Amino acid sequence: MRYERQLLIPQIGQSGQEKLKKSKVTVIGVGGLGSPVLTYLVSAGVGRIQIVDCDVVSESNLNRQFLHHTVDIGRAKVLSAQEKLASLNPEVKVSTVNQRLNPDNVKEYISGSDVVVDCVDNAETRIMAAAACMELDIPLVEGGVRGFYGYVMDIGKDYPCLSCLGYDTVKQKTPVPVLGVTAGIIGCMQANECIKLLLGIGAPLYGRMLNYDGLSGNWEEVHVKKAADCPIHARAEAGKRGK
Amino acid sequence: MIEVRFFATFREGRDKVSLLEPKDFKTAGDILDHFRIHREEVAILLINGLYSPADTAVKDGDVIALFPPVGGG
Ligand SMILES: [Zn+2]
Numbered sequence: 001m002r003y004e005r006q007l008l009i010p011q012i013g014q015s016g017q018e019k020l021k022k023s024k025v026t027v028i029g030v031g032g033l034g035s036p037v038l039t040y041l042v043s044a045g046v047g048r049i050q051i052v053d054c055d056v057v058s059e060s061n062l063n064r065q066f067l068h069h070t071v072d073i074g075r076a077k078v079l080s081a082q083e084k085l086a087s088l089n090p091e092v093k094v095s096t097v098n099q100r101l102n103p104d105n106v107k108e109y110i111s112g113s114d115v116v117v118d119c120v121d122n123a124e125t126r127i128m129a130a131a132a133c134m135e136l137d138i139p140l141v142e143g144g145v146r147g148f149y150g151y152v153m154d155i156g157k158d159y160p161c162l163s164c165l166g167y168d169t170v171k172q173k174t175p176v177p178v179l180g181v182t183a184g185i186i187g188c189m190q191a192n193e194c195i196k197l198l199l200g201i202g203a204p205l206y207g208r209m210l211n212y213d214g215l216s217g218n219w220e221e222v223h224v225k226k227a228a229d230c231p232i233h234a235r236a237e238a239g240k241r242g243k
Numbered sequence: 244m245i246e247v248r249f250f251a252t253f254r255e256g257r258d259k260v261s262l263l264e265p266k267d268f269k270t271a272g273d274i275l276d277h278f279r280i281h282r283e284e285v286a287i288l289l290i291n292g293l294y295s296p297a298d299t300a301v302k303d304g305d306v307i308a309l310f311p312p313v314g315g316g
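Protein sequence lines correspond, in order, to chains A and Y.
According to this note's numbering, the residues represented by the first sequence are 1 to 243, in order.
According to this note's numbering, the residues represented by the second sequence are 244 to 316, in order.
Among the hints, erroneous ones may be present.
Here are the simulated DSS-like cross-link-like pairs (lysine-lysine), alpha carbons at most 25 angstroms apart as the crow flies [what the hints assert, rightly or not]: (1) Y:K302 <-> A:K226; (2) A:K225 <-> Y:K259; (3) Y:K269 <-> A:K225; (4) Y:K302 <-> A:K225; (5) A:K157 <-> A:K226.
If you're looking for bench data, these hints aren't it; they were derived computationally from the structure.
On a predicted model such as this, the values are computed, not experimentally measured, just so you know.
Input sequences plus hints: build the corresponding full structure.
Structure follows, in structure tokens:
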């Protein structure tokens with residue numbers, strides 16, 4: 001029995017397992033965060049998972065992106081990941097989008113998802129995904145890493161988004177340093193948030209930026225507030241009124 | 244006092260939290276200058292949990308949180 005041990009958890013049980021099976025999750029980015037997120041969502045039995053990434057596997061990915069192996073160098077990341085995930089749990093339908101998200105296609109791809117998990121490596125796509133999720137009223141699980149540090153936070157239309165925090169003003173010039181295990185830890189936290197949101201259990205990290213410091217071994221919560229003049233929240237509101 | 248909380252790589256070579264005399268600082272930008280942090284290194288600057296530009300005035304009792312940019316892939 002594949003799910004035997006998690007069926008024993010009172011907050012999951014048979015009804016929770018069926019809920020997971022009926023759920024659809026979109027994971028944007030199949031890299032250092034996407035690898036643990038996808039591995040645990042697939043092994044937990046989330047019924048349908050869509051993976052979005054337009055990159056091919058390169059050697060420098062392999063310190064952290066464990067869904068991709070040395071033989072996969074040069075292959076599309078979505079295909080490399082799909083193959084491993086199908087072998088891990090053939091009961092899960094994993095669909096792939098081998099395309100860069102842009103403002104014209106993002107809503108089409110994420111609509112119908114119960115939760116979106118953001119595992120991307122650039123501020124531009126983060127903000128675009130957040131805007132689309134908010135317009136469609138889909139919860140979004142955010143995560144980011146840098147060196148030994150990382151954070152995780154849930155975003156929804158009634159709660160602060162990255163743009164509320166001024167994140168869209170950021171321009172990253174150089175690759176962000178990342179230790180594989182840090183991405184692993186934050187990705188696992190994102191998978192946990194995703195499962196909580198799908199099942200409607202526990203306290204989601206809305207408005208609570210949970211920060212991890214792997215050097216000192218601390219987790220610290222920072223309470224964050226919605227900005228009155230957030231452009232993404234304003235657009236989501238305007239879109240709703242327009243309907 | 245003004246409490247400054249550093250996150251991620253901003254902690255390196257600094258204490259995680261610094262307490263500052265409010266009379267020495269007019270804006271959040273003055274605090275960044277004090278710690279020799281360039282504006283463009285800061286991805287998120289929060290005063291009491293709310294996004295604030297560097298020219299925002301600071302006062303006694305404020306809690307400032309500073310984060311560098313992150314990646315994911
Ligand atoms: Zn916002």
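Hint check results:
no.: 1; hint: Y:K302 <-> A:K226; result: 21 angstroms, holds
no.: 2; hint: A:K225 <-> Y:K259; result: 22 angstroms, holds
no.: 3; hint: Y:K269 <-> A:K225; result: 23 angstroms, holds
no.: 4; hint: Y:K302 <-> A:K225; result: 19 angstroms, holds
no.: 5; hint: A:K157 <-> A:K226; result: 10 angstroms, holds
In this structure, none of the earlier numbered hints is contradicted; all agree with it.
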